[in-house]
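**Q** One-letter residues, chain by chain:
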Amino acid sequence: MYRIETQNLRMELEVVPVESLLLHERILPHVAGRLILEFKNWASLQNPIIIDRNNIVLDGNHRAFVFRELKIRTIAVCRIDYFEKEAQLRYWYRVFGGAENLHLLREVVEDLDGSFQEVPDRQILERRLGEDPFLCGVQMKDRYAVFSFADKQACDAAAVYDCLETVQTRLLREGMRLEYVPCHYVRETASPRPSKDGEMVIWTPRITKEMVVDCARQKKLFAPKSTRHLIPARPLHVNVPTQWFREDIPMEEINRRFRDFLRGKELRHIGPGQVIDGRYYEEKLFVFYDRRGGT
Amino acid sequence: MSQEGRMITLSAAGLDAPGLVSFITTRIYEMGGNIIDVEENCRRGLFSIFLIVDFSGAGRPMEEVVELLNAMEAETGLKMVVGVYDAEEIRCAEEREGHVVTVLGEDRPGVIAKVSTLLHQHNVNIETCRMIARGQFFSMELSIDTGRIRVEPGLSRHGALELMKIELKDLCRDLNQSVVIQSEDLYRKGKKLVVFDVESTLIGESSLESFMTRIQAEKGLVRDKEPDLPGEKRESMEGLVEHARRLKGIPMKEFERFGEILQANAETLELIRILKSMGFKIALLSSGFSFFVKKIFEAAGVDYAFSNTLKVDEEGIITGELEEPLIVGATKGEILRFIMEMENLLPEQVIAVGNGTIGSHFIADVGLSIAFRPERMSIKTDGVLSSDQITAMLYCLGIPGRELEKLLGKEGKE
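Those sequence lines, one after another, are chains A and B. As numbered in the working numbering, residues 7 to 301 make up the first sequence, in order. As numbered in the working numbering, residues 1234 to 1647 make up the second sequence, in order.
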């Protein structure tokens, strides 16, 4: 095991059997398809997936799924304490382009035996969502509404997200375009993402860490793009050859090799809010890299 | 055969026509000459060629050679000038020490004359001179040979070169022109990464200090008027921590709204777009707070961006502390080295743009360092861009004029 420890942070990097991982979210077929092509062609595993103490995958569901599909035996992980305050759980809102009004959404929700109600303003929308964990919100320019699904269909958070997926499919069939946006881009920042003409934003229900753990343990999966985990720190660029994970060798041996491999690299601690390889990271980063001319 | 008097220079100029180079070089070959250097140019329908030819292997008298070469005048319609030299009189290419000088700014009479006079005073030879842009905006690229630069007593050869560069920069500043001087070896090396010091180049605000002053003045948000930090502290870790401390207690949401005050230089996004389209990787380094940089990242997309993040408590209130490690002037060099390691790049493959003060000292040790609108120069850079147009740096990358016009969307506009 390779450990990264700071004053208030502990991350354990190791290799674990793929079969031991518990997924908590369904995958998007096109993303999985692209990753299958990559890993089939021996791409390196750039970044370890993030798991909790119970082997629940918090970040890297697609990679874990693809490794399982390709019958790759093991995978590099970074284990964190999920219930640490700094590990935050957020979710993805759905943004539909090409919406003319709220009628179609109301129709689809009501077809699913759900209820739909317009509310006067954003404050009331936020209050209503705070009162009912399974309620969804919708915003279109200055119009706001809440909707929910019948109890028999939406008995838990994962089921509500399943219902939402059905709604999504109907809206897409009607010619709308779908984009996923982090919830705090709409709700929490100082300059919220501006609402464009013909754009309808669905505020998805809040998910808690307990819900994620329960679902994963029961082998229930949330719909794709439900959870969005912000972890306290992220190790990047371990760049392990995939071949290692295919080899039929004892776990102790592969872990020893992995640890030595990481020890041979340089490690740089980078604060949150930086861009590496074109991606913005809100978390602290620990970036592995090879010093030029080094071993 | 002895090489005495058997080296020929041939210059020919006149109206352009297809086949001229083929005609002249074939004739030289048939006469037994060996072309050891050539430069040919066509401009606005006019043609010129300059050749150095070794006739030591030719089995005919030199008078006959000169006569045959001059006879081409009637056959081609070009004006021919032939010179005869001994081999020893012609300098070997190995003695050459090439540099590329790019001068750019508002077009005005006398720029070429004054620049060339200064180079002459230093005994620097101008080998080629080409206009990259002409119109309201003027850009000229000179290829110079400093192999025989005048070395004053008490100066080293390197010192003489540095003196010439300083004088050239001073002259260009007086002429309201920007100038970049690059070693030809480095100029020819493919550059891969462009790194910008954000506060001094990409954001209209000249420094973090003036941003803070504006917040204080315009919004009255920082509660007590505190004295400005002394200059030497502005770019230091101490100064940065002090800035953060002054923000304690302010809701982050309120503070982020001040991002609206910051205006990216008008051409910034355009420049990044062009550089990316040319295959460059882009890095932004800032000793300011992260939303300075995030604004550019969100609008233009870059490969690397490093800045400082303010810590907030659970209620989103700024605690007055910063996330570590801090990024200040002194640590930017380290970050740049880290990016180079990540990208497996050598310093000569990097272009760095800052304002030339000690705060952007990290730009000095790369392939091409450019000081953009320097208020005061504390470090040595290859060039100085004094115009407001940061896209002018594109003229220093050896891009052919027409290609550059296409990239800048100027084609057909003038």
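Read the hints as simulated data drawn from the structure, not as lab findings. Just to be clear, a hint being listed does not mean it is correct.
To be verified - Only pairs whose alpha carbons sit at most 27 Å apart, straight line, appear in this in silico DSS-like list of lysine-lysine:
| no. | chain 1 | residue 1 | chain 2 | residue 2 |
| --- | --- | --- | --- | --- |
| 1 | B | 1312 | A | 91 |
| 2 | B | 1481 | A | 147 |
| 3 | B | 1347 | A | 91 |
| 4 | B | 1425 | B | 1486 |
| 5 | B | 1528 | A | 202 |
| 6 | B | 1486 | A | 215 |
**Q** Let me make sure I understand: some of the numbered hints might not hold for this structure. Which ones are they, in numerical order?
**A** 1, 2, 3, 4
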